[in-house]
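Participant: Those sequence lines, one after another, are chains L and H.
Residues are numbered in my numbering as their position in the first sequence, beginning at 1, plus a constant of 8.
Residues are numbered in my numbering as their position in the second sequence, beginning at 1, plus a constant of 8.
There's no promise every hint is true.
Copies of the same chain look alike in the list, so a pair counts if it works inside one copy or between any two.
[As the list claims (entries may be wrong)] DSBU-like mimics (lysine-lysine), calculated; alpha carbons at most 30 Å apart, straight line:
1. Lys50 x Lys132
2. Lys64 x Lys32
3. Lys208 x Lys132
4. Lys75 x Lys215
5. Lys32 x Lys50
6. Lys17 x Lys75
7. Lys17 x Lys132
8. Lys60 x Lys32
9. Lys176 x Lys50
Please keep in mind that the hints were generated in silico from the structure rather than gathered at the bench.
Quick caveat, the model's predicted, so the values are computed rather than measured.
Protein chains: 2
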Amino acid sequence: MSTLPNSLKNISLFLERLPGIGEKTANRLTFFLLNLSEEDLKEFAENVATLKSKTKLCENCFNFTEKEICEICDNDERDHSIICVVETVLDLLSFEQGKIYNGVYHVLHGKIDPLNRVGPDDIKIGELIKRIKNQITDDGLRIKEIILATNPDMEGEATAVYIKNKLKTITDNELRITRLAYGLPMGANLEYADYMTLKKAIEGRNKF
Amino acid sequence: MSTLPNSLKNISLFLERLPGIGEKTANRLTFFLLNLSEEDLKEFAENVATLKSKTKLCENCFNFTEKEICEICDNDERDHSIICVVETVLDLLSFEQGKIYNGVYHVLHGKIDPLNRVGPDDIKIGELIKRIKNQITDDGLRIKEIILATNPDMEGEATAVYIKNKLKTITDNELRITRLAYGLPMGANLEYADYMTLKKAIEGRNKF
């Protein structure tokens with residue numbers, strides 16, 4: 009790195025801080041930037057500089073937004089009686105990309121992870137409980153279903169169980185709480201499937 | 009992508025243009041940027057905005073520099089009588105990282121590649137010839153050796169052959185022209201070596 013001029017080195021060192029980018033990739037990306045137009049670089053620079061001040065969390069579901077309420081929560085065509093609880097906005101985007109879900113979301117911004125000192129109060133669980141409590145009217149609960157779409161790993165499972173127990177205490181079991189199906193991914197090869205996935209696939213087998 | 013606010017989407021779309029970065033990675037990187045400090049982002053933005061105006065090519069070897077002459081060409085402790093000809097500055101950095109070479113460089117900024125319409129005049133071959141011609145004094149040539157360190161692929165080989173022929177016409181064979189050794193990479197496994205590499209390894213075998 010000693011032979012790179014500062015104009016390049018500073019950018020390369022910054023890019024190296026990003027996840028999954030090592031020194032060589034950072035250099036390659038920096039050199040690529042050098043080939044882009046001055047105009048594009050200035051526009052990108054402006055966007056990066058204003059990123060934090062412009063981006064807020066939706067007051068309702070904690071998705072990213074530039075307004076108070078995100079596009080999804082603000083959309084009347086979506087089913088506001090189903091809430092899909094996800095760990096991150098990236099997970100939300102995965103659902104959105106497939107256009108397979110028309111309800112709304114709640115982004116936890118993390119999962120319960122005692123080893124990394126993340127407790128229930130460090131993520132948006134309290135906000136979820138409050139959000140659901142606010143939907144309890146005299147006619148009953150206006151929310152029909154909560155899909156706990158945390159990841160199928162240890163921390164994700166623990167987070168789902170924790171939320172399920174919390175929800176049961178406030179909603180008198182009238183709320184449908186679901187979890188995503190586990191099983192073989194589409195296009196998978198049985199030979200290479202791990203036994204935990206196979207176990208879930210057998211347990212959850214359906215009539216054909 | 010439709011649910012990302014513009015503040016994030018613009019950055020993500022820009023990052024997607026970079027080599028090796030797809031939509032998911034671009035999103036992940038953008039979200040990571042959101043976690044960095046406002047100060048760091050502004051500094052990075054400033055560096056990106058001024059990148060092109062600050063970065064020049066060394067007038068001698070075409071390495072990147074902020075001055076007229078790069079650090080390497082400006083270093084008296086290096087051996088200026090050996091020039092290592094490389095395709096890109098990234099290749100130069102690979103040599104520099106290992107601190108295995110104390111001569112100077114000449115960066116071609118490409119290779120002869122007819123399929124992609126890159127001819128000898130599109131890369132810094134003319135500049136290399138001129139640079140060497142300028143070193144022909146009454147006492148003979150002040151350059152002892154040219155290492156043709158283009159890549160061991162078809163275009164890199166063709167570029168090396170082209171340069172070798174050009175150099176021979178101007179230096180009356182008093183210049184030593186070399187090429188990097190080919191063979192098995194260190195730590196390689198014979199079982200997995202491709203036959204072209206094995207062929208080179210046998211042809212270039214040394215007394216042990």
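Participant: Reference check for the pair lysine 17 and lysine 132, CA-CA at most 30 Å: within, between, both, or neither?
Facilitator: Result: close only across copies, 24 Å inter versus 38 Å intra.
Participant: Regarding lysine 75 and lysine 215, is the shortest C-alpha distance of 30 Å or less found within a copy, between copies, in both, or in neither?
Facilitator: neither (46 Å within a copy, 73 Å between copies)
Participant: Go through the copies and call it for lysine 64 and lysine 32: within, between, both or neither, with a Cα cutoff of 30 Å.
Facilitator: Between. Shortest inter-copy distance 21 Å satisfies the 30 Å Cα cut-off; intra-copy 33 Å does not.
Participant: Taking 30 Å as the upper bound on the Cα-Cα distance, should lysine 176 and lysine 50 be classified as within, between, both, or neither?
Facilitator: Neither way: lysine 176 and lysine 50 sit 52 Å apart in one copy and 46 Å across, limit 30 Å.
Participant: Could you place lysine 32 and lysine 50 in one of the four classes (within, between, both, neither) given a Cα distance threshold of 30 Å?
Facilitator: This pair counts as both: shortest intra-copy Cα distance 24 Å, inter-copy 24 Å.
Participant: How would you label the pair lysine 208, lysine 132 (within, between, both, or neither) given a Cα cut-off of 30 Å?
Facilitator: within (29 Å within a copy, 61 Å between copies)
Participant: Within a copy, between copies, both or neither: which one fits lysine 60 and lysine 32 at a CA-CA cutoff of 30 Å?
Facilitator: both (28 Å within a copy, 20 Å between copies)
Participant: Is it within a copy, between copies, both, or neither that the alpha carbon of lysine 50 lies no farther than 30 Å from that of lysine 132?
Facilitator: The answer is between: 29 Å across copies meets 30 Å, while 36 Å in one copy does not.
Participant: Indicate which option fits the pair lysine 17, lysine 75 if close means a Cα-Cα distance not exceeding 30 Å: within, between, both or neither.
Facilitator: between (36 Å within a copy, 14 Å between copies)
Hints 4, 9 from the list above are not met by this structure, while the remaining hints are.
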